[in-house]
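Student: Build the full structure now, drawing on both the sequences and the hints.
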Amino acid sequence: MNNPKVDPDLNTNAGTQNSEFFTVGCPGMGCHQNCPLQAEVVDGAIVKVRPQPIPGAPEETHACLRGIASYELPNVKTRLQYPKKRVGERGSGEWQRISWEEALDTIAGQMISIRDEHGPQAIEMAGSGSSSVPLGGLNAGGATQRLANLFGCTEVIGWPVDGGPFVAGMVNYGFFFGGANDPRDWVNAKTIIIWGENMAESAMRDFNHVMQAQTQGTQLIVISPTFDATAAKADWWVPIHPATDGALALGMLNLMIEQGLYDVGYTRRHTVGPFLVRDDNGEFLRESDIDSQGSAENYVIWDELTQKPAAMPAHVESLADAEPALHGQHEIAGISCHTAFQLLADRAAEYSPEKTAEICELPVETIHKLVTTYGSNRPSTIKVGIGLSRTFYGDLNSRAILAMAAITGDIGMPGGGASGWARHYAPMLNGDPVYAADERRSNRLHISTGHNAVVNGDIRAMLVFASNPLNSKPNANAWIHEVIPKLDMLVVVDIVDTWTSQYADIVLPGTTIYERTDLYSVLGCTVLSQQAIEPKYEAKSDHEICTLLAQRLDLGEYFTESTDELLETMLDHPSQAGITLDKLRQNNGIMQAQAPENAMISFADKRFFTPSGRIEFYAPYLSAIGEALPCHKEPPEGRRSPLAQKFPLQFYTGRRKFTNQSQSHLSTTKELCPEPLLRMSPGDAAARGLNEGDLVKVFNDRGLLKVKIEFSNALRPGSVWIEHGWKPEDFVEGHYQNLLLPSNLPDQGMINPAFQIYWGMWQEYAEQAASPGLAPYGLADQLFDCQVEIEKVQ
Amino acid sequence: MNASEEDKLKKQYGIVYDLERCIGCQACSVACKIENNVTEGIAWHEVKTVGGAHVDTPAGVYPNLSMHWVPTLCMHCKDAPCMDVCPSNAITRRADGIVVLEPDDCIGLGCKKCTWACPYGVIEVNEQEGVMEKCNLCNHLVDEGKQPACVDACVYEATFFGDLNDPQSEASQKLKEKKAEVQLPERGTDPVVFYSPK
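Protein chains in written order, with our numbering: chain B, 1 to 794; chain P, 1 to 198.
Note that these hints are calculated values from the structure, not bench results.
It cannot be assumed that every hint is accurate.
Here are the simulated BS3-like cross-link-like pairs (lysine-lysine), alpha carbons at most 30 Å apart as the crow flies [said to hold, decoys possible]:
hint, chain 1, residue 1, chain 2, residue 2
1, B, 190, P, 178
2, P, 112, B, 670
3, B, 792, B, 708
4, P, 178, P, 48
Tutor: This is the structure we're talking about:
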């Protein structure tokens with residue numbers, strides 16, 4: 001019964017006599033759970049992967065099917081074995097094996113000549129992708145950022161896809177990742193809403209906490225257009241029309257204000273609700289506006305006791321002997337103003353239950369019942385799903401949800417919260433050794449502008465580490481035909497051949513997580529991700545590759561420390577409280593760090609990171625584009641857009657447990673899900689004369705995809721779906737990545753004007769941040785608003 | 001008979017599934033595959049979707065839908081019809097109740113009687129090796145005092161393994177706590193794999 005899929009020398013039934021165990025950080029494969037795994041090694045081969053017990057949080061001990069199946073990673077059939085260079089046309093598949101020496105000499109030589117002619121910023125360093133442990137490690141963008149920084153390369157900042165909820169976190173809380181509690185706190189919620197996310201398949205460890213809470217009586221509401229595993233586990237599933245989440249939240253907010261289902265005291269003390277906003281320019285009224293001696297920093301409230309305005313400094317909860325008004329319009333020194341709360345209430349009032357029901361295509365009773373459940377059965381936790389970020393106005397939709405949550409008073413409370421991110425305390429690592437080699441800084445480019453920068457000739461070469469832009473960027477056809485041909489050099493470092501590597505000039509074999517040592521933090525612990533086996537074939541780690549390149553770029557002096565020395569320096573951070581490499585090695589590579597008090601509750605002190613120190617559901621910097629307050633806008637591409645005449649079906653992709661990112665190379669999981677199938681509702685198929693199993697062409701003006709169909713009633717009629725993670729070779733023709741709407745068009749720049757405003761603001765934030773890793777997240781490059789038509793392939 | 005044999009006699013290993021906690025994640029199927037090095041295309045352990053016609057598709061018409069999952073493996077019946085029909089005694093019951101199919105003793109593709117006799121459809125034909133195969137409840141691990149791989153892989157408190165004759169075992173405790181049923185009780189096979197709620 002030999003398994004033909006992996007190396008025959010792997011004996012998966014190996015006994016434990018000769019076993020050695022190593023703690024390894026799961027690459028996450030896109031789920032961002034990054035569970036510490038325990039690899040069992042016999043005779044130099046990984047025979048089994050199990051969950052590594054978590055000190056201090058045994059209930060978080062976890063490995064999902066992909067984690068378990070990842071034992072196979074070093075031995076996958078498609079593993080890159082040695083450096084190779086292109087000898088035919090780009091994409092021709094004609095390669096020649098070369099030595100590391102030749103590969104590195106060629107790359108360094110090209111880098112130098114491009115730098116001499118166009119400047120170092122003409123070289124783009126992209127990476128820190130899916131074969132890495134979380135950001136912060138040597139090989140997870142650390143070594144590449146160090147090299148990029150020293151050489152003066154351009155670094156791509158931002159995520160391809162994760163936008164809305166993080167933008168909303170930044171606007172409302174001043175922190176991309178704040179506002180929701182440690183998942184272990186979810187049992188304290190009476191109501192949990194998972195809003196636009198298939199958590200049961202895409203964040204499996206977290207979902208365990210949801211089920212724990214349900215067992216203890218918490219009601220789970222899932223708001224999502226698709227009936228997936230998460231919806232199947234819900235006490236109540238709300239089948240919303242896609243991309244109308246903001247309307248639903250505003251409709252709920254309206255009824256909550258009407259019915260008094262909000263916390264007046266909290267809204268006064270911890271939100272911008274009482275701040276006066278100028279009617280003329282949408283800015284907050286400042287003390288200096290009404291008093292020439294007043295401070296331009298101070299806000300102004302209307303005191304109900306004295307019926308007079310009063311100055312309110314930032315980061316102050318209340319004024320002695322004053323009762324800030326939440327409602328009303330006031331004229332002060334000739335300036336007409338409304339309270340921010342009044343503006344929010346007025347905005348919400350535009351979303352009557354009837355209108356909300358119509359936009360969201362839900363029964364009116366659903367809106368009422370949601371308000372009763374969420375507003376009264378508290379504390380309530382909302383996990384804002386990444387699904388909301390995959391739509392054009394994901395930021396507005398998420399902001400509406402966070403605004404609604406803000407007035408309940410549940411943010412910063414046990415059992416409360418509303419955010420796209422909910423995590424344990426993660427002890428900080430010292431980023432110096434990986435990021436800041438000296439004062440020099442690399443040039444930064446937002447991910448969505450990468451396309452233009454190459455086409456314009458600003459970028460001449462790309463070094464892509466553990467990343468697969470073609471499989472993760474919108475409009476892949478444009479990259480293949482317009483972008484890559486303009487490059488003087490494309491280098492790809494990965495563990496397997498990818499869609500992107502097919503078009504590279506030089507491809508280098510990288511190490512898997514099992515073949516290198518690194519450091520990261522997760523679940524309140526510091527984790528030494530240990531090298532479990534020797535690198536297979538000629539694989540080298542990012543750190544090794546960058547060191548060897550640095551030596552050729554006259555930067556060798558910055559790459560002299562050993563891995564251990566660098567990791568020791570990374571542990572030199574106050575939050576590590578004395579954890580050392582030796583101690584980690586003595587403790588199976590994982591140690592619980594000392595968490596600060598209240599680490600479980602995000603913003604337990606209600607000191608938000610915004611300029612006012614309060615929850616800012618009102619964003620004056622967006623008033624110029626009419627988005628100071630959240631509202632509902634129909635995405636440019638959707639079933640209600642003019643384009644739907646031509647392309648009536650809404651196409652989108654989602655995460656599924658088998659192929660979370662592009663991990664379809666794991667044979668064990670591929671056996672469970674062997675080929676991509678487009679799911680569509682039987683009614684939509686019948687209308688096109690399609691039968692189950694038919695090969696169809698999915699197309700729009702950007703591209704096409706040929707794939708077989710499978711019927712599923714889980715799909716909202718009018719929409720079709722396929723799981724993310726497939727590669728071009730898995731399809732008969734084309735790829736879904738060709739169909740998707742990019743957030744940035746070559747001649748227009750970022751097509752959502754709000755994103756341009758955010759990008760401008762947060763570049764500054766990124767410069768100030770302790771680690772450049774804390775870049776302006778949340779400005780998604782890829783949108784899933786995408787209309788298509790489908791016809792049978794004859 | 002030595003003491004440990006006697007000890008085994010008193011045992012009856014079984015599994016209890018809490019289907020409320022099963023999310024159909026398939027970690028169990030993957031762990032089984034890897035632990036037992038099961039040939040490609042064959043599954044000793046499957047997670048079946050109770051819903052639409054395909055994996056992870058619901059029953060009903062949008063938006064009135066339902067779906068749940070049922071981990072399916074050898075039921076290790078106390079009255080196993082597969083054992084009765086096997087002409088070569090390749091299927092035996094251990095003293096601890098685990099029903100083991102030994103492929104080396106299987107007479108091969110010309111027989112297949114066990115696959116027809118099993119009402120649960122969990123005996124697989126390995127065309128490549130010319131033998132029948134099924135879940136042997138990872139008895140090699142059980143002998144080391146460990147749990148079967150599928151049980152070990154379940155991190156959702158959906159799977160409870162243990163000696164059903166021991167009232168303190170996790171499986172017995174779960175049976176006491178929750179109403180659980182076996183599959184196809186009318187077939188009189190007396191399975192030791194229980195599902196709650198069915």
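Student: Determine for every hint whether it applies to the structure shown.
Tutor: The hints, checked one at a time:
no. : hint            : result
1   : 190(B) - 178(P) : holds (24 Å)
2   : 112(P) - 670(B) : holds (28 Å)
3   : 792(B) - 708(B) : holds (9 Å)
4   : 178(P) - 48(P)  : holds (21 Å)
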